[in-house]
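Use the sequences and the hints to build the structure in full.
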Amino acid sequence: MGCMNGKVEGARRLAVSHNITTAEAEHRLDVFADAFEELLDTELEGTGEVYRRMAERLGLTPAEAERFMDDFQRAVETAYEEQS
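The opening residue of the sequence shown carries number 1 in this note's numbering; numbering runs sequentially from there.
Note that these hints are calculated values from the structure, not bench results.
Glycine included, every Cβ here is placed at the ideal spot set by N, Cα and C.
Misleading hints may appear alongside valid ones.
[Stated by the list, open to error] Derived pair list, reagent style EDC-like, types lysine to aspartate or glutamate, alpha-carbon separation capped at 20 Å:
| hint | residue 1 | residue 2 |
| --- | --- | --- |
| 1 | K7 | D30 |
| 2 | K7 | E81 |
| 3 | K7 | E64 |
| 4 | K7 | E24 |
| 5 | K7 | E77 |
| 6 | K7 | E37 |
| 7 | K7 | E82 |
| 8 | K7 | E26 |
| 9 | K7 | D34 |
| 10 | K7 | D70 |
| 11 | K7 | D71 |
| 12 | K7 | E66 |
[Claimed, not checked] Have a look at the derived ranges for each label pair, beta carbon to beta carbon:
| hint | residue 1 | residue 2 | range |
| --- | --- | --- | --- |
| 13 | T42 | S17 | 23 to 33 Å |
| 14 | E82 | E45 | 12 to 22 Å |
| 15 | E43 | N19 | 17 to 27 Å |
Rendered as structure tokens:
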């Protein structure tokens, strides 16, 4: 089997499970990455601030943002397991 792109496959699976488009799932992942990068090496790193920022930018609650990213983690792990 070929090499899998974790972001693309995770976004595809999230789109199905969250009833959104793949493009929207990828956009949410990009927003998370941007917020994470902003907080990297700051005193706010690891405080949950990244979920608050992601939520604010996407019109979600911080809990919804965190749940989305947890679902992404599981989706990618499952995809890699299935590929093995």
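Out of the numbered hints, which ones does the structure contradict? Result: hints 14, 15 break, sorted rising.
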